[in-house]
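A.B. asks: Okay, here's what each chain looks like letter by letter:
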Amino acid sequence: MATAVDKSRVPWWVSNLIVPLVNLVLALLVSALFIFIAGENPIQAVKLIIYGSFGYLDGFAYTLYYTTNFVFTGLAFAVAFHCRLFNIGGEGQAYIGGLGVFLVAINVSFLPVPIVWLLAIAGAVVFGAAWAFIPAYLQAKRGSHVVITTIMFNFIASSLMVFLLVDVIRDMKQMGPHTVALPKEIWFPTFKEFAALFGIKIRYSPLNISFLLAIAASFFVWFLVWKTKWGYEMRAVGHNTQAAIYAGISPYKNIIIAMCISGGLAGLLGINEILGVHHKIVAGFPAGYGFTGIAVALMGRNHPIGIFPAAFLFGILYQGGSEVTFDMPNITRYMFVAVQGVIILFSGALENLFRPQIESFFVNRLNRKVSV
Amino acid sequence: MVSPILELKNINKSFGHVQANKNINLKITQGTIHGIIGENGAGKSTLMSIVYGLYQADSGSIRVSGKEVKLKSPRDSIESGIGMVHQHFMLVENFTVLENIILGFEGELVFGHKLKKAKENLKNLCDTYKLNIDLDSVISDLSVGFRQRVEILKSLYRGAEIFILDEPTGVLTPQEVDELFKILRSLKEEGKTIVLITHKLNEIMDLTSEVSVMRQGEVVGHTKTSDTNKEKLAEMMVGRSVLLRLNKEDAKLGDVVFKVENLTVKDDLDVTRVKNVSFEIRSGEILGLAGVTGNGQTELLEALSGIRKVESGNIYLNNEKVSDKENLLDPRKLKAKGLAHVPEDRQRMGLVTDFKAYENLIFGYHDQEPYSKSSILRDNDIITYSKKVMEEYDVRPRSPQLITSNFSGGNQQKIILSRELNESPKILLVGQPTRGVDIGAIEFIHQRLIDMRDKGAAILLVSVELDEVLSLSDRILVMFDGNIVGERINKDVTDRELGLLMAGVA
Amino acid sequence: MEFLLDLASLVNSTLRISTPLVFAAMAGIFAERSGVIDFSLEGKMLMAAFVSAVGSYYFGNPWIGLFMAIVMCVSLSMLHGFASVTHKGDQVVSCVAINILIIGLTTALAAAWFGQAGLTPTLTDEQRFLEITLPFADSLREVPIIGLIYSEILSGHYVFVYLGYISVPIVYWVVFKTSFGLRVRAVGENPSAVDTAGINVFAMRYKALAINGVLIAFAGAHLSTAVNANFFREMSAGRGYLALAAMIFGKWHPKTALIACLLFGFTDALQIRLQGVELPVVGEIPVQLIQAIPYVLTVVLLAGFVGKAIAPNAIGQPYIKER
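Residue numbers (my numbering), protein chains in the order written: chain Y, 1 to 372; chain C, 1001 to 1506; chain E, 2001 to 2323.
The following block holds chain Y by itself, in its conformation from the complex (with noise of 0.2 angstroms):
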């Protein structure tokens, strides 16, 4: 292995963009050899993502609109893991959140709209929060380990809202597993009606306004982890323990705010989907976006101005992926999580593959200029 370069010397955007970028290369090119073994050309595969993607107006608002869900779980994710807990409960937290949205909103549907909306959101934040409190209490008094934890709520999650959605909130005037829609009045606009302002005809977008709650949710995060004491308690809490407490912080206090946090904002997804997309609570909603958030907050660096272009990103590879999945008959959209795990696994736990190469190839040229 190289010999470890000083660290001082090295420039922030080498350490924050370069090796980012060069993880994620790894891992596109091992996400081309996996296309590859499923019988499939996989420079055919790019374009037709980057053609999905980009290529027609309603695919790119797609983009938006699934860049959405991976803002709000990719920064749940982040939050907790700023105090180096692992929240992989964003599915179960964003289900329940969704369920805190559909109560509230259809009981208070007569209020104003903007006061319903933002009823909704608390709602979502609430009930999204609560269920990460109890792993986050087993996590900070008896030591129970996160991860198990938050997987293990994603599955009762998931058992309790279809026991919900079939025996006791159903729609009982049909068969399926979701609710009644919510009344026309208080759903989000959507980008098809701003689109019509221009003169613009989509026939459907799920892309809408939650778009701009998931850029506000960005600013909250970014303000609250950097910027408010919270914030900086909770990170000196996930960075060194031991300090924390000598300087009379609390650990129990932070595991449970962080973890508390970014339930909520996992909740949120519940808005973007209920609120603005189905109208109505569809079983399996979450759909994997709470995981594709593990993915997307690692890429990002764990800090919004990573996260955004993350979620943009996987918003990319899903909407692309799927016109993939549609021309070609042997990728399937798990393919697409399977790119997101190895993106993980280039961009957390083998991050430091190759920093120190590139760490020290950056310093000797930038000394080199000097030095001339």
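In case anyone wonders, no lab produced these hints; they're calculated from the structure.
Note that CB positions come from ideal geometry on N, CA and C, so glycine has one too.
Be aware that one or more of the hints could be misleading.
[Unchecked claim] Estimated spans, in silico, between C-beta atoms of each pair:
hint: 1; chain 1: C; residue 1: D1394; chain 2: E; residue 2: T2256; range: 52 to 62 angstroms
hint: 2; chain 1: C; residue 1: E1320; chain 2: E; residue 2: V2296; range: 47 to 57 angstroms
hint: 3; chain 1: C; residue 1: K1333; chain 2: E; residue 2: T2256; range: 41 to 51 angstroms
hint: 4; chain 1: Y; residue 1: A32; chain 2: E; residue 2: K2251; range: 37 to 47 angstroms
hint: 5; chain 1: E; residue 1: I2259; chain 2: C; residue 2: V1138; range: 21 to 31 angstroms
hint: 6; chain 1: Y; residue 1: P189; chain 2: E; residue 2: E2234; range: 28 to 38 angstroms
hint: 7; chain 1: Y; residue 1: P183; chain 2: E; residue 2: K2251; range: 35 to 45 angstroms
[As the list claims (entries may be wrong)] In the EDC-like style, the derived pairs of lysine to aspartate or glutamate whose C-alpha atoms are separated by at most 16 angstroms in a straight line are:
hint: 8; chain 1: C; residue 1: K1491; chain 2: C; residue 2: D1467
hint: 9; chain 1: C; residue 1: K1022; chain 2: C; residue 2: D1058
hint: 10; chain 1: C; residue 1: K1266; chain 2: C; residue 2: E1311
hint: 11; chain 1: C; residue 1: K1455; chain 2: C; residue 2: D1255
hint: 12; chain 1: C; residue 1: K1027; chain 2: C; residue 2: E1068
hint: 13; chain 1: Y; residue 1: K229; chain 2: C; residue 2: D1381
hint: 14; chain 1: Y; residue 1: K227; chain 2: C; residue 2: D1379
hint: 15; chain 1: Y; residue 1: K229; chain 2: C; residue 2: D1379
hint: 16; chain 1: C; residue 1: K1455; chain 2: C; residue 2: D1467
hint: 17; chain 1: C; residue 1: K1116; chain 2: C; residue 2: D1136
hint: 18; chain 1: C; residue 1: K1123; chain 2: C; residue 2: D1134
hint: 19; chain 1: Y; residue 1: K280; chain 2: Y; residue 2: D171
hint: 20; chain 1: C; residue 1: K1182; chain 2: C; residue 2: D1206
hint: 21; chain 1: E; residue 1: K2177; chain 2: C; residue 2: E1179
hint: 22; chain 1: C; residue 1: K1426; chain 2: C; residue 2: E1261
hint: 23; chain 1: E; residue 1: K2177; chain 2: C; residue 2: E1108
hint: 24; chain 1: C; residue 1: K1266; chain 2: C; residue 2: D1481
hint: 25; chain 1: C; residue 1: K1333; chain 2: C; residue 2: E1320
hint: 26; chain 1: C; residue 1: K1426; chain 2: C; residue 2: E1497
hint: 27; chain 1: C; residue 1: K1009; chain 2: C; residue 2: E1068
hint: 28; chain 1: Y; residue 1: K229; chain 2: C; residue 2: E1369
hint: 29; chain 1: Y; residue 1: K227; chain 2: C; residue 2: E1106
hint: 30; chain 1: Y; residue 1: K227; chain 2: C; residue 2: D1367
hint: 31; chain 1: C; residue 1: K1117; chain 2: C; residue 2: E1106
hint: 32; chain 1: Y; residue 1: K227; chain 2: C; residue 2: E1369
hint: 33; chain 1: E; residue 1: K2177; chain 2: C; residue 2: D1136
hint: 34; chain 1: C; residue 1: K1309; chain 2: C; residue 2: E1261
hint: 35; chain 1: C; residue 1: K1309; chain 2: C; residue 2: E1280
hint: 36; chain 1: C; residue 1: K1356; chain 2: C; residue 2: E1369
hint: 37; chain 1: C; residue 1: K1119; chain 2: C; residue 2: E1108
hint: 38; chain 1: Y; residue 1: K229; chain 2: C; residue 2: D1367
hint: 39; chain 1: C; residue 1: K1130; chain 2: C; residue 2: E1179
hint: 40; chain 1: C; residue 1: K1426; chain 2: C; residue 2: D1255
Go by the hints and put chains C and E onto chain Y.
C.D. replies: Only chains C and E this time, still in chain Y's reference frame:
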């Protein structure tokens, strides 16, 4: 002329800029107990780690019984007949004595008759050396004294002829020390060679026949024990280094603001490390606590700053009892009452090395004005403050935005100091303030402490550097083996005198 | 007699359902005892299920499928080792990555190669493992109690069930009665002690991970070439995590982990029988909630209400030689 059983020739070892061992030449005679004495940082442990194969020397050679050997790993050393009893025991807590000893030397894949033979072998060894160990007992049930015996037995089992013991008595009670000495003597009787690393003079005088003195990485003296005495050794140990006596006025003493009464503290292994310690500090006074590392100072500081439980005793701040057996002090409350603490282990406790410098400069004070208001950090104010403070304390590089791990040890220390001193604490607990800090910065830090004291702060200075204690303190306590063994007003005290106390000589 | 047969059926189900958990728990014990966190049991089990189903199909022989699964799982364990032990990467992240990667890849390849939304072709009798009838099972059936136990419970299981329960004493023996096991345990408790004894810490961890790979492969092969006759997507359904909980609850000890696995198996076997059944007081419990019982049980066990579990001392910490 019998060739020495162990001979080190021109051993050099550096870690980065620090030269831990400089041109070491050492000859150990077979069948003797050979002492290596020196203060902290003298290089003793590094040297022995090289002999045990944990590190490789940068240059030089090692000969065992006349033959040159390459000790690239502990395995090589073990095969050359070298065994080591480390300061921190290398034992697996939940294994039995037997399992710990045979680890790596089982002799068979499936435990069977070799295990039985090992057991017999070990029983014989135990009897020969009167070790009295129950081979089936679990380590976690054993006292520290017995754990050490297990380590000795381990080396015996592996066929060691040379036994290196690194500060073996630090964790033992007086009775256990006597027993250990008995064991070491019987080892010697059987023809084994023992190398005893220690800072305690009485051990040297009691046990050894030859002694080498190390100071700042070099061997500064070698003599037959019978030809020397404690005073001469203490002098060689501590050296005639130039004392930086700062210009300071006499202390203007005020009331007692900090009082410790019959304090007893245990460490993580449940060994009592602070034994019934009492002292008080007045405002405007620097109380220096001298002593070699490992005599209880760390646990004392941890208890006083709320990180470690108090076993018994009381602590008073401004005549208000803040701690007793029941509770850990709350670091936040202590800060609020005007107590600041600069920890000994800056990386583990004093800083979050992944934070930027300005984030560390408010660590522990982050929720106070002016750094934050209604829980929102006021970055501009923090950075302005950081710039000012970094200028004042000459922290280099002068970048508040730089990640703290990029600062040198000395500058990290300055960051911590500036943070704690800036709050103008009434009571300051300081541990090893200039460890790893360059000369210029040392002077600066010392002057700062004097300034604080002149402003009326009460300061407890814990340091293994005798020079530092002597230049700064108004009054000096010496800690040895968990007890305060001496108190002196810092006027005409000699380092030799303190050296003796630090080494456990009354 | 009816009741006894029901009981026997319940016991059989328990044994069969617990089998992959037992293998996984044993695998986990090896890795974690050596100090390496292994949350990727789930993914490896799924991969083994996929590879063994596909391998058995192509080569017409389930043992070849099993062998291929073993090779695959050992490779994955080595990958995890590379990321964690050699590169000192975060062990949890490495596991999460592997799990997600495998969920995606197995389903994607199954769909790509066989075109059925993540199913592999159904294996014929020659291509899979069948239930084994022990000798004299039929004739001994009428013997009171012993005969019943022999012919209804002991006989008639898949080979993996037998292997699984035999593996427990073997694992116990290896871990506690051999020098290899001693070293593995030492590496997980105090790597420095091992290092100063002259043993290579990293090599020990890799060896433990290799065994981990072999054992988990059996778990997956059981699912797709014995109990079922194909692979379907995400068929491991969280068993890897249940096994982890069993292992933690069993304090990383084969015998107690086995009991926890049986508890899970029993709960699951019971849950199937409770579906649609009217219970006193509560009435019929909705099937979805019953299905959640194993997961809830996992959380309860992990919460340590039944005693606090202490992990191997050095777990999750990459070994870095001092200074």
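A.B. asks: Going through the numbered hints above, which ones does this structure break? Give me the numbers in ascending order.
C.D. replies: Result: hints 7, 16, 21, 22, 26, 29, 35 and 36 break, sorted rising.
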